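On the provided structure of chain A, position chain B as indicated by the hints.
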Amino acid sequence: MDYIIEMLNIRKEFTGIVANDNITLQVKKGEIHALLGENGAGKSTLMSILFGLYQPDKGVIKVRGKEVKITNPNIANELGIGMVHQHFKLVHNFTVTENIILGIEKTSNGRIDIKAAAAKIQELSNRYKLFVDPHAKIEDISVGMQQRVEILKMLYRDADILIFDEPTAVLTPQEIIELMGVIRSMAAEGKTILIITHKLKEIKAVAENCTVISKGKSIATVDVAETSQERLAELMVGRKVSFKVEKQPAKLGEEAFRLENVNVMNHRGIHAVKNVSLSARQGEILGIAGIEGNGQTELIEAITGLRKAESGKILIKGADISNMDVRKRSESGLGHIPEDRHKYGLVLDFTLEDNMILENYYKEPFSKGGILNRDKIRSYADNLIKQFDVRSAQGPITKARSMSGGNQQKAIIAREVDRSPSVMIVAQPTRGLDVGAIEYIHKRLLEERDKGKTIILFSLELDEILNVSDRIAVMFNGEIVGIVNADDTNENELGLMMAGGRRNTDE
Amino acid sequence: MSKNKLLIPLLAVLLGFVSGAIVMLITGHNPIEAYSALLKGAGFYGNIKRLGDTLLNTTTLILTGLSIAFAFRTGLFNIGVPGQMLMGGFIAVLIGAKLSYPAAIHVPLAVIGATVGGACWAFVPGILKARFRIHEVVSGIMMNYIAMWSVYYFVPVLIPGNFNTESRPIIQTASLRTEWLSAIFKGSYVNSGLFIALFCVVLVWWILEKTTFGYELKSVGFNIHASKYAGMKVNRNMILSLMIAGALAGLAGATFYIGYADNIKIGMLPSHGFDGIAVALLGLNNPFGVLLAALLFGFMNAGRLFMQSATNVPNELVPIIIAIIIFFAATSLMLQTWLQRVEKLVKRNGDK
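Chains as they are written, first to last, in numbering that gives the first Met the number 0: chain A, 0 to 506; chain B, 0 to 351.
For reference, chain A alone in the conformation it holds in the complex (with noise of 0.2 Å):
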């Protein structure tokens, strides 16, 4: 059989840790080739040395038959290999045009070309219907409309070869669908497509071939159409998966927490959350659904002091918090799983055991008399280490840089159900995170509310919405456009209120 990209028996090591042993991946021309693995099993380690990024310690890469050498990535595009990295690569301020041809732009008497490189540029996007704007500056467009940039730039550069790495951890669903579109046809028309990913519906969604890694090894390669998601998740984990989370019915107690005409403006001084009231009781789950940017960030940060709201009034168990500053809003009993867990819920150059304490460093046991004690601050992230399970190379002096996504958020969750909020706003907390750690957390969640906390969920995946709130109301452009019973709706009816439309409720 012809395979345009092998690679046979490829090894890496880095200083202590094997990230490829002997994986072999064969794709063949004009195939959708997906690579799963959960965070940390080599999937992006593979795909920087055939990208040129690392050289493989052992190991043949053949392209097109050929066995070659792919020392930087200026000799994998002369391949015909592009790639589109998680974190787009754009100069915000240049125009789509500007973007691409940087670079390999091609001038006429000490003047680029703009104009033929636009007009290239349009006639590839219309055939690939990407509908992106050539003159078009970077920021102006929407993060979707980015990443098309991206693809533009490897078709510009003639790849046939295109490598994406979690194309979808930025995307809306929409968005999602509109690009697994982009990638059939660009399948269709001859491309091979290779895609990161440890999303199943998206591989089921697209893929033809899947090639499963698990902890620096290939597993196994299937076909997808045969293969069922379960079956792909056991083959990815190692173990069987649940994806229908088990819940109980909810003991619902008091009220616990109550927003009354909260008012937000953003940073640019727009109205961003308009007049929101909601509440919640104790032991159960409000999830609020929405589209990335529809005020949800803004109402975060009003209810948990990083922003200040313009009006209305934050309680929680019938007391205002809304003008503490956020230690005493922790103090009475807020607890606060971030959106951005690299930005707010970590010091990434500080150590594991540091990170647990992060909000708790100044009361005893842990300070006395303005001295840290060390030895119970050890004991103490050992506990929560070994309870959590929290993973990581060097224990409790592991520097949470060096950690995977998953237990990262591992370490926030259990330095915040530690502290055992009453309240507890929960911001995308499985955000790329593998199927193994989603149904942990979604556990871990679970298991407080059935204690009697009230969870305030905030999460752009339905599925997580759907699955785990006990009731679940919807943003939209600030507002709270309906709230429904998790029990009594579904994707579609989610989906339209999340574009918009209110809901005919009768209440």
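Just so you know, these hints were derived from the structure itself, not from any lab.
Keep in mind that this is a model prediction, so the values were computed, not measured.
Hints are not guaranteed to be accurate.
Here are the simulated lysine to any residue pairs, SDA-like style, with alpha carbons at most 20 Å apart [what the hints assert, rightly or not]:
1) A:K307 with B:A103
2) B:K97 with B:E165
3) A:K307 with B:F16
4) A:K57 with B:R347
5) A:K327 with B:R347
Stretch-level coverage of chain B by chain A, calculated; a stretch enters the list once three of its residues show a Cβ under 8 Å from a Cβ in chain A [said to hold, decoys possible]:
6) 197 to 211
7) 223 to 232
Note that the Cβ used here is the ideal one computed from N, Cα and C, for glycine as well.
Just chain B now, with coordinates in the frame of chain A:
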């Protein structure tokens, strides 16, 4: 990792001296002679007075280095050290020249005055940063010049000296010099500022590593957002951090102006202030690293003139070597890649 961390500054120093040797060979000097003269000039053998001068140089550098390093650990670049040092020194000289007390009161008073002076001078960039988000480098540089010209104005008005360019000397009861130290080091100006500096090394280390306050400062330095999330008073911490850095710079001023110089000259910023940046960089912003780096720079500065007179190697070679050391310390990433390559080569040869 931590092994490499220590290796890189050492390697930078080694490369600096090797490069200096190459320059000497090219210009027809004997590097071994020159370096042994440098060591002799710094008092490592021979004359103990010279060792005292090395320690004198080191004293001030420890404090300015600590000032930079401390602020840096909080995420701030205290480029205002020269101004803070000058103001600290000015207050100390003022107290030393104007007031008259027995030494047991006079010295502490002058030292405290210097500390407070430096801290107050650093408070300005601190509050500007906290309130208006004005970058501390911009306001720090401006404060340097304000300090320089304030001293230029106030010295002739308040404590005029024999020349227009300097103040009158302090009364000896305010001097940091002590007889027993001068006796040990045969008349060197090394003074009890050395003990203040050593005490500060331990103090800064203790604050950063052992206290809740240090934990907060480091947290703010690493990640301001997570610190806000954790409920820390980020603005207050930034101001306090700069003030402590300023206090250390003020102390540096005391060791220089009432330890070494006896009076204050107008129209110039002390060069130790900027040298502190290099000391902190080479010392990896670690208090004990700062101590070692200050010793190195201190001995090179102290020995350079002797080297020139003994071997005819121009003393300007010393700043060249220092510059090369700083260059290699600053490009630690480059050194790291080199190290990795060497490691690989060694491994490969080992396999064969």
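Verification of the hints:
1. A:K307 with B:A103: violated (53 Å)
2. B:K97 with B:E165: holds (15 Å)
3. A:K307 with B:F16: violated (56 Å)
4. A:K57 with B:R347: holds (14 Å)
5. A:K327 with B:R347: violated (59 Å)
6. 197 to 211: holds (count 3)
7. 223 to 232: holds (count 8)
Checked against the numbered hints listed earlier, the structure breaks hints 1, 3, 5; every other hint is satisfied.
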